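Peer 1: Sequence:
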Amino acid sequence: MSRTKEVEQYAREKLITEITAHDFEHTLRVLKIAVQISKNIDCDLEVVQVASLTHDIIDKKVADDVGKAKKELLFKLSTIGYKDDFIEDVFDIIENMSFSSGRTPKSIEGKIVQDADRIDAIGAIAIARTFAYGGSMNRKIYEEGNDECSIAHFYDKLLLLKDRLNTKEAKEIAESRHKFMVEFSTQFHKEWKLEDIK
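In numbering that gives the first Met the number 0, the protein residues as written are 0 to 197.
Honestly, I wouldn't trust all of these hints.
Stated by the list, open to error - In silico SDA-like pairs for lysine to any residue, Cα to Cα no more than 20 Å straight-line:
id, residue 1, residue 2
1, K31, I107
2, K156, K192
3, K139, I107
4, K60, R176
5, K59, K31
6, K161, N145
7, K192, I150
8, K139, S175
By construction, these hints were calculated from the structure, which means they are not laboratory data. All values reported here derive from a predicted model rather than from experimental measurement.
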């Protein structure tokens, strides 16, 4: 089994029961998107792959104990046979790519993985993930003035992502997905207010 397949297996074990929409299927989509983005970019593909596979394992939305999750991941990558420099590159990406951190990874590999994760937060899948996450956190679908409801997440994050992508490739992918989300949001508010019924 290749090293990346071992990492994939580890990610599966860690995320297979995840219900916050940061699950293994999300991880696989991020991996595939990142590989697609990187096709015409000079980068270390294995760093891209490993960071894509592990980016949510140490996230506070997934890990009960982030410090413990980091130690376990560090040990796993080392046991698989990755060198310290490689592991450091991966951690530099996964610790600096979240939207809430406001940071952008320094490396091109990090920019690719950040873009891939953000692409999966734009479009139809993103809408489904938003409501899955909201449900797992006991959030209302919508309530005017409630910044914690699921629809509010569109305005405080999702609809901003298109303009915060790093690569030309990601920006091209995002266009139609972003448009769909804008249309959904408009239609949602029409239906919520029953404005679509004459």
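Peer 1: Now tell me, hint by hint, if it's right for this structure.
Peer 2: Outcome of the hint check:
no.	hint	in the structure
1	K31 to I107	17 Å, holds
2	K156 to K192	23 Å, violated
3	K139 to I107	38 Å, violated
4	K60 to R176	24 Å, violated
5	K59 to K31	23 Å, violated
6	K161 to N145	24 Å, violated
7	K192 to I150	14 Å, holds
8	K139 to S175	27 Å, violated
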